[in-house]
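Which chain is which? The protein sequence lines are A and B, in order. Residues in the first sequence are numbered consecutively from 1, following UniProt numbering. Residues in the second sequence are numbered consecutively from 1, following UniProt numbering.
Treat the hints as calculated values from the structure; they're not laboratory data. Treat the hints with caution; some may be incorrect.
Claimed, not checked - Cross-link-like lysine to aspartate or glutamate pairs, in silico, DMTMM-like; alpha carbons within 25 Å at most: (1) 193/A to 323/B; (2) 115/A to 323/B; (3) 40/A to 122/A; (4) 191/A to 323/B; (5) 442/B to 473/B.
Given next are the chains, with one letter for each unit.
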Amino acid sequence: MSENQNPRTDASNEVTVAPEAGNAVVHADRFPDPGVPEHKHRLTDTDPKAAKRAERTVTLLFVLSILGTVGSIVAYVLVPPDGTTAGVRLSTLLIGLGLALSLLGIGVAGIHWAKTLMGDREFVQERHTLATQGEARETAIRDMNEGLEDSGVIGRRGVLKGAFFGALALFPLAIAVPLIGSVGGDWNISKFKHTMWQRGTRLAIDPSGRPIKAADVTVGSVFHVVPETTEEFRETHEWITEKSKAVVLMVRLNPEDLRTDQSPEGETWSHEGIVAYSKICTHVGCPVALYEQQTHHLLCPCHQSTFDIADSAKVVFGPANRRLPQLPITVDDEGYLVAQDDFAEPIGPSFWERLK
Amino acid sequence: MAQQQRPTTRVGKAADYLDQRTSIGALVNQLARKVFPDHWSFMLGEIALFSFVVLIASGFFLTMFFEPSMALVRFEGEHPAAMQGQLMSAAFRSTVEMSFEVRGGLLMRQIHHWAALIFVGSIVLHMFRIFFTGAFRKPREVNWLVGALMLVLALAAGFSGYSLPDDVLSGNGLRIIDGVVKSIPLIGSYLSFLVFGGEFPGEHIIPRLFTLHIFVIPGLLIALIALHLFLMVLQKHTQYPGGGRTDRNVVGYPALPVYVAKMTGNFFIIAGVLTLMGATMAINNVWNYGPYDPSPVSAGTQPDWYILFVDGALRLMPGPGWEWVIGGYTLSMNLLIPAVVVPGILFTLLFAWPFVEARVTGDRGEHHVLDRPRNRPVRTAMGVALFVAFMVCALAATNDLIATHFSLSIFAITWVLRVLLIVGPVLAFWVTKRVCLGLQRKDRELVLHGHESGRIVRFANGEYVEVHTPLDEQERWLRVSYESPAPLEIAPLTDSRGVRRAGYRSERRWQRLSRFFYEDRVEPVTPAELEAAHAAHAHGRHAQVERPAAAVGAGTERPPQERA
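This is chain A alone, in the form it adopts within the complex (with noise of 0.2 Å):
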């Protein structure tokens, strides 16, 4: 069955390549093949004088590649980088010039070698059927099926089959359990909620780490803010991460701009027209950076979701579905810009618990 799979080859293959195509035979409804075109000399073939220019050609190109080579060793020895980034972008240029060189002249000479002095000759190789033939494929099956049959499984001892192949499909799980125990942590996903802002920490200055006197926040200023903690802690990595859920981007508007803030009934989370808001974006988490003061309003970078920072940093255009979680904050005792809580929902981006 297999040799009348495809009638069209078979079709194809009673024209015979050749450049004549008459005596191939022709169906009513088909064109003759008529071979593989005649084969044209190039210009090396028949001119000894071209051969000869080409020869030189390559030779000059392999020359030009080890001058390459060396040029690139002395650019490596004379012209070390000095530190600044002037310096640095001249040896890197000198050094790769120079190995460019010597890649490319190898290259261009290789290939205008085999263009111009090797053969050009055009072959014509028999395909065969990929599909085995004939006797071959007799004794593949039965060699399949005296080997199965010499297993003792055929047809027979389901439980030792069943015990294998559950054997065989269990054993990872030896490997997979404690891999997939410990590689994500301590599993703790309800970290996702939370962040290191507590009532009375402080807002501070993001980097310096220097805590805000409400006094000196001027109208229309932004702040980035994080909270205030130690200097010890914000070398570590907990602080990256803490950081990264609990960054805030603080504004002072005029008061009466700011027409809604996210306070419930009875509560102030907004100071003399100071409001911060998390500064971790609602769509994917990047953080939430460009402010324009004319319009209040707050471009995320990445893929433009925009807030309203006057209207409860509400969504007015973008890929980004919730407003940015805002952080109540009041002034302790000292004037300081102080937070009233931790925010009152998760922060950033949207996952399957938020809500539980």
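Fit chain B to the given chain A structure using the hints.
Relative to chain A, chain B alone:
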């Protein structure tokens, strides 16, 4: 029995030495004069292969100096001045140091980055070539799957490498990945913990990505490349249609010496060009961005080009109303659609295409002669439509740059691109299909009536005609030697005794899809038609250019081609 000939030359002796120990002679018999067809487009895959070699070589250099650790350190070096005393990860510090203190280090970094961009680019172009010429058809479906898998791995390699320097840009890239991962229903939060070993960014992600980037992914790629090339040699290369090229032969030049020389030359040229790029074109100056810090981000940042389409899809998706809360659980469709569903559809289409096309064509034969894209209008149109969708998304990922460079409103640009993403592919499909059918009709016209010669002849009766020169048989063969499959025909719902047939509905669905593919088609000219055209010419009916039977969509005057 003839005495076996003893080798006399040095090469001969070495070959004999090897052969006596490995019987390598049999392999040489198979390969040395193996014929490969020649065409520039067969080089695209080679570019991918050789950029991969450059990636391995330059990557090895980089591993000698890179420190895959997130341990926090202070930058003690003198240069660059802006970094002095800054707190950063060891990974970032070693990246800066290998750029500034290792001679040739920056060169290798830049070569590596450019090579990665070209690597993915050449894979995509290579796939376009395979797709548009139908080289994925039997027996090459398996190799298509291997190739598509390698595209996925190439993207993974690119992204994992991009993140290793631990700079502000790559850190924000990881944060976007984290956001997307978290949006996956049910397991998203746990997946995020799994990837980062805890909460983002933690202190594990760089060493983990490093292991993936220099061991797991390249290891898999090498294995798949070996399989890819093995299958290519085993099945022999496809060839473009032309005189003497059939599904039963291969016409071209021998591996030794022509292809050995051309391939070696090609490798050195690609390595040379990548080096030239690395030497002259700065890329990813991480010291300008600074070490990763969760707070800052720079405007006008774009990912590497192959991630652009996902980033663009994220930007185009409108947010409000697309976050659903079901039973208290949050489902972020505004993330899932662009970042999971869109790439999911793209890759499902890629993986499934050869099998879907074979099914709707009813085709079980081996194909070694390539299609001219015009001869498969729907396939070509689908390819172009996908490409347009990809480009619109990629363009959307640069909407902020378009806005600042051309002083346009970013909201307006986003809206235009949202509309274009829906309309563009449909329009591209329609236009491409029409262009293909038009080109096929042009082929028919050329075969039937020949080229316009520009020579006008006036007959004695005053009639003017333009003389047409008939096509030579090679040119004619190119334009008539294709198959134009007809839509599938299926048995009726009930058999002769009126009994309903099982499986009819499924067959009917496939038939509908088959109609979508092949309803509009143009048949190649037959010798009989050419004969008739000549006869018509002899009677002076020059104006009749197109026979009504060749019209599109109206069915054909010949019974459908019999296919196995």
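Has the given pair, residue 193/A with residue 323/B, been kept, meaning a C-alpha gap of at most 25 Å?
-> Since the Cα atoms of residue 193/A and residue 323/B sit roughly 18 Å apart, the hinted pair holds (cutoff 25 Å).
Between residue 40/A and residue 122/A, does the CA-CA distance stay at or below 25 Å?
-> holds, 10 Å
CA of residue 115/A to CA of residue 323/B, is that 25 Å or under?
-> Violated - the C-alpha atoms of residue 323/B and residue 115/A are around 61 Å apart, more than 25 Å.
25 Å limit on alpha-carbon distance, applied to hinted pair residue 191/A and residue 323/B = holds, 22 Å
Given the hint that residue 442/B pairs with residue 473/B, test it: the Cα-Cα distance must not exceed 25 Å.
-> Distance of about 17 Å is within 25 Å: holds.
Hint 2 alone, counting from the list given before, is not met by this structure.
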